[in-house]
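Taken in order, these protein sequences are the chains called A and B. By our numbering, the letter at position 10 of the first sequence is numbered 7, and the numbering carries on one by one without gaps. Plus 30 on top of the position in the second sequence (first one is 1) and you've got our numbering.
Among the clues, some could well be false.
[As the list claims (entries may be wrong)] Computed Cβ-Cβ distance ranges for the label pairs, DEER-style:
id, chain 1, residue 1, chain 2, residue 2, range
1, A, Lys297, B, Lys283, 16 to 26 Å
2, B, Met220, A, Asp227, 19 to 29 Å
3, B, Ser252, A, Lys297, 46 to 56 Å
4, A, Asp45, B, Gly82, 51 to 61 Å
No lab work stands behind these hints, which were simulated from the structure alone. Virtual Cβ for every residue (Gly too), placed ideally from N, Cα, C.
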Amino acid sequence: MSKTYVVIVETKDGKLRQVSLEALHTAQLLREDGDQLAAVLTGHQLKDAAAELVRYVDGQVLVLDHPNLQAYQPELAFEAVTQALAALPGEPKVILLGHTATGRDLAPQLAAQLACGQISDVTAVTKDGVNLIFTRPLYAGKAFEQKSLSNGTGIVTLRPNNLPPASPAATTGNLVPLEFTPPSPLRTLLKDVVRKVSGKVDLTEAKIVVSGGRGVKSADGFKVLEELADSLGGAVGASRGACDAGYCDYALQIGQTGKVVTPEIYIACGISGAIQHLAGMSQSRVIIAINKDPEAPIFKVADYGIVGDLFEIVPLLTAQFKEALSERTS
Amino acid sequence: MHVVVLLKQTFDTEEKIVINEGKVEEDGVKFVINPYDEYAVEEALRLKEAHGGTVTVVSAGPERAAEALRTALAMGADEAVRIATEAIDTDEYGISRLLAAFLQTQNFDLILGGNFSVDNGAGQVAVRLAKLLTLPHVSSITQLSVNGERATAVRDAEGDAETLEVALPAVMTAQQGLNEPRYPSLPGIMKAKKKPFRELTLTDLGLSDSEIAPRTQRLGLSLPPARQAGKLLAGSPAEQAAELVRLLRTEAKVI
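Just chain B, with the same shape it has in the complex (with noise of 0.2 Å):
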């Protein structure tokens, strides 16, 4: 079977903001495949072990959106395509035309994906996708088999498992407790190299830059304000519970 992973390169959620002349900055930071995203190319590979096929990982991002997908590739993808957005500002309406415009031309029977990005968080370009391609869609899956078809996905809702039955081809999303994605092997990491890699333009998709104008404008960016740290309390454990209730209901007022 042929599966497509989107991806996302994002900050390593280890990292602090700082923001820098109204922009997040970018400069020494590490960034990471998606971590949710991480699940959807670990569930892609493990499917072609299954099945056989392929797996293509497509990202929508920067020039340094490469190495995230070399990455992958190092894992065991077997082709990556790179549709390159550093002249492009829009949001996820654009980036959803952006995907659909090039999946529009490709086969497939999977489309996976991240839950949601741990950057922007707001969790909407998969589910867009589908529906631009008209596909089924399951979100936040913890579970995935495949039967020829058909496939069937355990979703997470707010802690409840529901069990779907979808036609395929479909978009997926991956959460938490999917799989353990693996590392990429040295000689995984050496075959990445020789592997198939494409760049495509707005121009090579047929797009203009109409067509995927954002639907939503930022208007301003900063930092939450900084937490202080409050006060230890002393004494014995068995005061020191009774002084916590006291405080948040004399105090805090929360109880």
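Just chain A, with the same shape it has in the complex (with noise of 0.2 Å):
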């Protein structure tokens, strides 16, 4: 019997984001010859994100575009995206989503609303003959389980940075819009957003992070961090020190409490490399550490160490980057 793949888009800022086309790579993979592939779109405005989408998937994209979804809130979204659900034809198999703020708030509603198992921040996965393996990390990346669903309908988050990209379909889907019916009465509304990381790279997606820690020695001392990652198009993270210290918001925390990343380029500043620190970085393809103590243990784990001060060093790599990036695109 044919099964239906399903991914919860998300955009940023009117555009598909990278995580929903790591979704749609694996939403791809999963499938075997004769299943379907169907992608549900929900917020506002939604003209050239849906135009987009049709091109990654030869199936339905399902579209509801209504002022209310314009911010993501708990209950509509919930709404919408059942609203969606139901206009499937037949029970999905697997439905993906990224494991981003709206995936880990969406997600396990959906999760207890079709009494279905979720395997959440996915790393990797994979298939043993028609069997799906799910890799997801423990402890923030101590460790690593491999995870399969039940049969029927199952959720699956995944890590952004962690899985390629998809690649457009051979023929474009079909574009159903449906109407939104809002709910009635709502018990949660949004009444107020403040963007602090706007135009931003997002820390979870960012392709290089720069990162300090109590070796910053404050607030200010980030600003030669956040030269660098600028430069570098990055974005930049701390360590719990740093963020209990008060340099920085707790929204920068990397570690096992905070965000787990996986950049390319991972630069550790003033860093002393805490296991709990450690393992919210690990994961990094290229780790680079810069500390004045020689026995940090930041550098058992970085491919690259430099012994110094960061505030004369991480200034000369900036100026070294803009250069090497300048060359190559001159």
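Quick one: dock chain against chain with the hints and give me the complex.
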């Protein structure tokens, strides 16, 4: 019997999110000949995103475009996706989402509603015959487990930056606009959104992360790290020590408490490398450590280490990277 | 107001992981209240101090989880409930149903939990529970105020701050930055010994094994390959910076 793989797609600033393309790739990988691929897109003013999305999905692209869906709201998003799933023929085999602020909130709601299993924060996917095997971290990456879903529908959330993005499909999908009926009465109301990270690269999706620890010494000290991150199109992170000391917002914390990141390049500046921090960044592709203390544990996991004063080294690196990148583009 | 806190006992985040016969070794490990749940306990205590009422801490866990519940009682919670899971093999689906079966019999204005547990890290149970109890929820909160039958919470959404107004009763999960949890005081520890502590089984909750059978299966467990220490660069700061950029380009090939 043919099965349907459904991707719940997210947009950011009107564009498809990278992690959604990664989820589409995963759905393409999981399905067998004859299986269907479908995508659900909810939000407002989705014309461009929907036009882009049909290139990746050779099946139904269900679109719910409504002013009330402009910003993510737990009840409204759940209702919109539930209405979309009801419009699909048959029950989905796997529903895929990004393990993002939205996915983390939406997926367990769907899992409870569908009384099904959910495998969160998946970093790798393989097939053993027709069985799907999902790898995910435990203890923020100090260990990994392989899991499978029981029969029936299952839900999977994917960690950004770990699976390749989808390529356009051979045939274009069918755009299916659906009417959205907001639930009433609403019990949660979004009153205000303060964009603190607008225009910046999201930490968990960044290809390059420049991270600071207690060695950065002050909130002001993070400016040199921001300049380095900006020159590389990366994001700034921090250790627990730096957050606890009040140098930066907890939203930037990387570690077993905080976020887990897996960028191409991780640059640790003034971070000693406590085990709880290492759990959050050890899966990065290349790790660079800059620290005054040659005995700092961070050097044990770093591919390249520089023993020295970060306030001297980091601006030099910014200049070097700028030069290297301008050579490449010229 | 009556606040219920969902609590899990986890490994201290400084612990290393050792796998023995296909299981994570627990011998000699220091256990703590899951750090995110600790924020939830603290927030519940602050609400009680501001508005009066009670705080009940609930954990679905093995026998050792009783210690984490006792710590929460010593911090100031009034009552603890452990739903015994030592004879149960289940997942987030089953755990959320266990908790729902218990909470359906309780009166409360608010359920607080952690944003996720630092061991399993799936972040499913509290949100699933909200749906099972047909309650509204706000996940990952960094601020909370309660005004009668409504609460206002600030949600951390990848760094952006969203303010939501919610009708109570509701479920909320704590993010870092919500508060600074207190330490149990010595009198608190003494008092905790006399506070009500209930232990419940599946039968007490009127559930059968099949009703909480897992919907996911673990096939394997492994440690990630250890990273090897790389090279320390040499020379003046300027030379090291130049060498690093060169190596990233020619050796690591990442820029």
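Inset, instruction - Starting from the hint 16 to 26 Å, judge whether the C-beta atoms of Lys297/A and Lys283/B obey it. - result: Between Lys297/A and Lys283/B, where Cβ atoms are some 23 Å apart, the hint holds.
Legend entry - Distance restraint hint 46 to 56 Å, applied to the beta-carbon atoms of Ser252/B and Lys297/A: 21 Å, violated
Inset, instruction - With 19 to 29 Å as the target window, see if Met220/B and Asp227/A comply at their CB atoms. - result: 55 Å, violated
Legend entry - Range agreement (Cβ of Gly82/B with Cβ of Asp45/A, hint 51 to 61 Å): 53 Å, holds
Hints 2 and 3 from the earlier list are contradicted by this structure; the remaining hints agree with it.
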